[in-house]
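Q: Required output: the full structure, derived from the provided sequences and hints.
For the protein sequence lines, the chains are P and R, in the order given. Sequential numbering of the first sequence, starting at 1, is according to the working numbering. Sequential numbering of the second sequence, starting at 1, is according to the working numbering.
Errors might be hidden in some of the hints.
In this list, chains with the same sequence are indistinguishable; a pair is considered to hold if it fits within one copy or across any two.
Cross-link-like lysine to aspartate or glutamate pairs, in silico, DMTMM-like; alpha carbons within 25 Å at most [what the hints assert, rightly or not]:
#, residue 1, residue 2
1, 267, 291
2, 213, 244
3, 261, 180
4, 423, 314
5, 298, 244
6, 259, 208
7, 418, 190
8, 207, 254
9, 213, 420
10, 259, 190
Hints in this document: simulated from the structure, not taken from any laboratory.
There are 2 protein chains.
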Amino acid sequence: MIQELLDKVKNNKFTLGVLGLGRVGLPFAATFAHHGIKVLGADINKSHIEKILSGKAPFKDVHLEDFIKETVSNKNLIPTTDTSMVIKNSDIIVITVGTPINNSLQPDYSQLISVLDEIAKQDIKNKLVVMRSTSSPGTLEGLVRNTLEKKTGLVEGKDFLLAACPERIVEGKATIELYEVPEMIGGIQEGTNNIVEALFKKLDSKKEVIRVKPEEAELAKLFTNVYRYVNFALANEFAMIANEYGLDAHRVIDAANFKYKRGPIPKPGLVGGPCLTKDGYFMSHGMTHSDFILLAWKINEHLPYYIVNQMKKEMANLNLDINKSKIGILGLTFKSGSDNLIHSPSKKIVDIVGAFNDKIKVHDPYIPDTYALGETLDGSDVVILATNHPEFKDLEDKIEKSRCKLLVDCWGMLDPSKFEKVKYIGFGRVV
Amino acid sequence: MIQELLDKVKNNKFTLGVLGLGRVGLPFAATFAHHGIKVLGADINKSHIEKILSGKAPFKDVHLEDFIKETVSNKNLIPTTDTSMVIKNSDIIVITVGTPINNSLQPDYSQLISVLDEIAKQDIKNKLVVMRSTSSPGTLEGLVRNTLEKKTGLVEGKDFLLAACPERIVEGKATIELYEVPEMIGGIQEGTNNIVEALFKKLDSKKEVIRVKPEEAELAKLFTNVYRYVNFALANEFAMIANEYGLDAHRVIDAANFKYKRGPIPKPGLVGGPCLTKDGYFMSHGMTHSDFILLAWKINEHLPYYIVNQMKKEMANLNLDINKSKIGILGLTFKSGSDNLIHSPSKKIVDIVGAFNDKIKVHDPYIPDTYALGETLDGSDVVILATNHPEFKDLEDKIEKSRCKLLVDCWGMLDPSKFEKVKYIGFGRVV
Numbered sequence: 001m002i003q004e005l006l007d008k009v010k011n012n013k014f015t016l017g018v019l020g021l022g023r024v025g026l027p028f029a030a031t032f033a034h035h036g037i038k039v040l041g042a043d044i045n046k047s048h049i050e051k052i053l054s055g056k057a058p059f060k061d062v063h064l065e066d067f068i069k070e071t072v073s074n075k076n077l078i079p080t081t082d083t084s085m086v087i088k089n090s091d092i093i094v095i096t097v098g099t100p101i102n103n104s105l106q107p108d109y110s111q112l113i114s115v116l117d118e119i120a121k122q123d124i125k126n127k128l129v130v131m132r133s134t135s136s137p138g139t140l141e142g143l144v145r146n147t148l149e150k151k152t153g154l155v156e157g158k159d160f161l162l163a164a165c166p167e168r169i170v171e172g173k174a175t176i177e178l179y180e181v182p183e184m185i186g187g188i189q190e191g192t193n194n195i196v197e198a199l200f201k202k203l204d205s206k207k208e209v210i211r212v213k214p215e216e217a218e219l220a221k222l223f224t225n226v227y228r229y230v231n232f233a234l235a236n237e238f239a240m241i242a243n244e245y246g247l248d249a250h251r252v253i254d255a256a257n258f259k260y261k262r263g264p265i266p267k268p269g270l271v272g273g274p275c276l277t278k279d280g281y282f283m284s285h286g287m288t289h290s291d292f293i294l295l296a297w298k299i300n301e302h303l304p305y306y307i308v309n310q311m312k313k314e315m316a317n318l319n320l321d322i323n324k325s326k327i328g329i330l331g332l333t334f335k336s337g338s339d340n341l342i343h344s345p346s347k348k349i350v351d352i353v354g355a356f357n358d359k360i361k362v363h364d365p366y367i368p369d370t371y372a373l374g375e376t377l378d379g380s381d382v383v384i385l386a387t388n389h390p391e392f393k394d395l396e397d398k399i400e401k402s403r404c405k406l407l408v409d410c411w412g413m414l415d416p417s418k419f420e421k422v423k424y425i426g427f428g429r430v431v
Numbered sequence: 001m002i003q004e005l006l007d008k009v010k011n012n013k014f015t016l017g018v019l020g021l022g023r024v025g026l027p028f029a030a031t032f033a034h035h036g037i038k039v040l041g042a043d044i045n046k047s048h049i050e051k052i053l054s055g056k057a058p059f060k061d062v063h064l065e066d067f068i069k070e071t072v073s074n075k076n077l078i079p080t081t082d083t084s085m086v087i088k089n090s091d092i093i094v095i096t097v098g099t100p101i102n103n104s105l106q107p108d109y110s111q112l113i114s115v116l117d118e119i120a121k122q123d124i125k126n127k128l129v130v131m132r133s134t135s136s137p138g139t140l141e142g143l144v145r146n147t148l149e150k151k152t153g154l155v156e157g158k159d160f161l162l163a164a165c166p167e168r169i170v171e172g173k174a175t176i177e178l179y180e181v182p183e184m185i186g187g188i189q190e191g192t193n194n195i196v197e198a199l200f201k202k203l204d205s206k207k208e209v210i211r212v213k214p215e216e217a218e219l220a221k222l223f224t225n226v227y228r229y230v231n232f233a234l235a236n237e238f239a240m241i242a243n244e245y246g247l248d249a250h251r252v253i254d255a256a257n258f259k260y261k262r263g264p265i266p267k268p269g270l271v272g273g274p275c276l277t278k279d280g281y282f283m284s285h286g287m288t289h290s291d292f293i294l295l296a297w298k299i300n301e302h303l304p305y306y307i308v309n310q311m312k313k314e315m316a317n318l319n320l321d322i323n324k325s326k327i328g329i330l331g332l333t334f335k336s337g338s339d340n341l342i343h344s345p346s347k348k349i350v351d352i353v354g355a356f357n358d359k360i361k362v363h364d365p366y367i368p369d370t371y372a373l374g375e376t377l378d379g380s381d382v383v384i385l386a387t388n389h390p391e392f393k394d395l396e397d398k399i400e401k402s403r404c405k406l407l408v409d410c411w412g413m414l415d416p417s418k419f420e421k422v423k424y425i426g427f428g429r430v431v
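A: Encoded structure:
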């Protein structure tokens with residue numbers, strides 16, 4: 001079975017099925033289709049599929065719309081809501097559904113379980129199922145294998161194959177990073193790794209891969225993201241410490257990093273999004289002593305409150321009534337250059353401020369139907385720069401000339417010295 | 001005054017005084033002397049001075065002994081116990097005394113205060129005092145300036161000059177890193193920075209410097225070290241999490257880091273030493289919410305107990321009596337290749353085990369009068385590899401052939417698969 005499937009991949013005589021055409025699945029499907037692979041992609045969201053069929057990308061990613069236009073029209077990519085058709089007709093099935101956390105900070109595998117139920121309804125003999133969604137160590141060899149074996153009566157390794165190969169790309173750059181980011185491949189059978197490697201080499205013969213156990217792949221993905229999440233939280237703690245000393249954290253961190261080889265320390269700012277916010281819980285949900293993860297989460301998730309509290313104090317100084325002032329917010333998405341709102345700390349700021357103020361205008365160049373920039377600036381007493389979109393660089397002059405009285409810069413990205421009429425406060429800046 | 005001193009430095013017509021000839025001060029003094037600068041160095045430890053005078057380095061540092069031999073004999077370096085002579089005859093006085101923490105985790109400035117008292121007894125008109133020891137933000141402009149101004153009646157900026165320029169080199173490589181590591185220079189007077197910069201350019205005209213406020217230099221030094229300390233603790237937490245999943249943390253971290261550009265995650269292991277262990281408290285001692293610092297300290301300082309507890313369980317499995325077994329320990333110094341025992345986690349392991357066992361043999365190739373390697377291995381039922389000295393690499397065969405029954409590898413540096421007769425457990429390894 002392994003050799004047969006490997007030959008099919010090597011000779012381009014296979015079909016790739018992708019279950020879930022979200023921000024992981026769709027760039028994955030479109031990129032492989034762009035390389036001439038036959039790709040079937042399933043998603044339960046009908047309007048989403050219609051959008052893709054019309055040649056449009058439902059979200060931003062560097063080459064995504066180009067790849068979609070090309071591959072939908074040449075039929076290399078067939079997007080559909082018919083999950084069973086995709087499973088039936090694919091040799092390799094890649095699971096890319098969302099694995100969020102629930103309100104008790106426990107992994108929520110409901111989408112994964114639905115998809116496994118769909119897979120188990122079809123004959124999966126001789127097929128390879130690749131788990132690309134984030135999961136706790138042991139999920140592939142536990143939940144996934146057990147569900148499929150129990151429901152189909154087939155046996156992994158004998159009748160079908162399983163591998164973990166978790167996604168680690170930066171959102172919004174998937175269509176570039178799929179070529180650049182090494183894959184950690186964890187097939188339950190050693191030979192399965194040859195198939196997954198051959199698959200990725202279709203994109204680039206130089207694509208780097210490392211072979212590990214499935215649980216190691218699952219945990220390594222979590223380490224990758226938690227390492228970043230903790231370091232962002234550490235930078236935020238540094239900013240709060242610098243603030244207590246009355247020092248500018250951006251200047252201090254820049255000095256520490258200047259040509260220094262043991263670094264760099266990240267810069268402070270809002271942290272959120274669909275991956276980093278939750279990934280720690282996928283490794284710590286079964287443990288009572290998850291110290292760094294919980295602490296990093298506390299710092300990063302509470303930062304919007306911390307900044308709003310700083311804003312409130314400054315508004316009091318300026319005799320601005322928090323309940324009656326007009327408040328403008330620049331940026332709503334979870335990070336710079338993205339159009340993704342999931343776990344967005346900027347949205348959280350809107351919610352926190354919105355609880356005691358209903359005169360909020362939001363402008364985000366990446367989100368349709370938000371207010372225009374000029375209207376947001378001129379129609380507000382207080383402006384919060386919440387997402388560090390590149391469009392907000394060099395905005396000092398415009399803000400200084402607007403009717404706004406107080407600017408709250410969550411990223412310390414504007415130059416405080418350029419404000420005279422407008423009072424400037426910035427996270428990590430001397431406040 | 002500034003221009004005068006700057007000219008003296010540029011024309012090599014100045015004397016450099018170094019107060020404290022420890023692991024920071026001595027390599028600093030010897031390296032400048034090696035470049036033809038007249039250096040006077042003071043230390044209160046008489047035998048230490050005698051050792052230096054005899055051309056010996058009192059501790060290991062790459063080129064230190066060569067530099068001492070050369071500069072003591074050509075009289076560019078004059079080591080003495082006469083602090084007042086050094087202060088009197090120097091144009092630039094560099095403070096390199098130790099700034100440890102006390103038992104309440106508060107900065108202990110007693111050595112700094114003694115040295116300031118000595119400085120204030122002399123006429124320091126037109127002299128520059130550079131603070132190179134670690135200190136809390138505000139120490140230079142507070143404690144140091146106030147003490148000197150009050151006791152001398154002179155005024156900083158008018159009569160004498162002050163600058164912070166904290167050390168950031170890796171211990172044991174100071175005589176290399178003094179050329180490579182950028183200096184963060186924080187003179188109270190802007191012009192003072194020119195003098196400090198000119199001083200360092202004596203070592204290498206390409207030496208990198210950045211000019212900051214004194215408090216920024218003090219805090220940036222602390223950020224540099226705390227960033228490392230927290231990341232080492234995070235690696236240790238990752239190892240404990242991997243252990244709960246029954247996975248090898250070294251393999252998982254290697255997989256996560258393999259050709260991945262957003263990293264690397266450090267490897268787990270014992271963390272200690274005179275700098276990292278304490279530096280966090282220099283920025284957090286005045287704060288109630290020092291989260292990451294306290295947590296990193298908790299993890300790193302408690303790791304020796306964690307490892308000894310794992311050892312105890314394994315000894316129980318092997319029917320080895322913890323009170324009566326012979327225990328050997330490889331490595332006593334705080335880090336690989338070092339002969340420094342301050343805040344050494346290996347010493348802590350000796351203490352923890354020593355509390356219930358008085359049959360401990362210690363071998364450390366960097367510490368004279370410890371047991372020989374062979375004797376330590378053959379004379380022990382249990383061997384703990386505590387410091388990851390390069391000499392301990394590839395020791396598998398020797399251990400396997402010795403009389404030892406259990407090996408505890410605090411660094412996961414040996415290959416578990418090479419042990420058959422000997423039971424192997426390693427921190428971060430599958431235990």
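Q: Next step is simple, just say for each hint if it's right about the structure.
A: Each hint, compared with the structure:
| no. | hint | result |
| --- | --- | --- |
| 1 | 267 with 291 | both (22 Å within a copy, 18 Å between copies) |
| 2 | 213 with 244 | between (46 Å within a copy, 16 Å between copies) |
| 3 | 261 with 180 | both (24 Å within a copy, 9 Å between copies) |
| 4 | 423 with 314 | within (9 Å within a copy, 63 Å between copies) |
| 5 | 298 with 244 | both (19 Å within a copy, 23 Å between copies) |
| 6 | 259 with 208 | between (29 Å within a copy, 8 Å between copies) |
| 7 | 418 with 190 | between (61 Å within a copy, 23 Å between copies) |
| 8 | 207 with 254 | between (34 Å within a copy, 18 Å between copies) |
| 9 | 213 with 420 | between (59 Å within a copy, 23 Å between copies) |
| 10 | 259 with 190 | between (44 Å within a copy, 22 Å between copies) |
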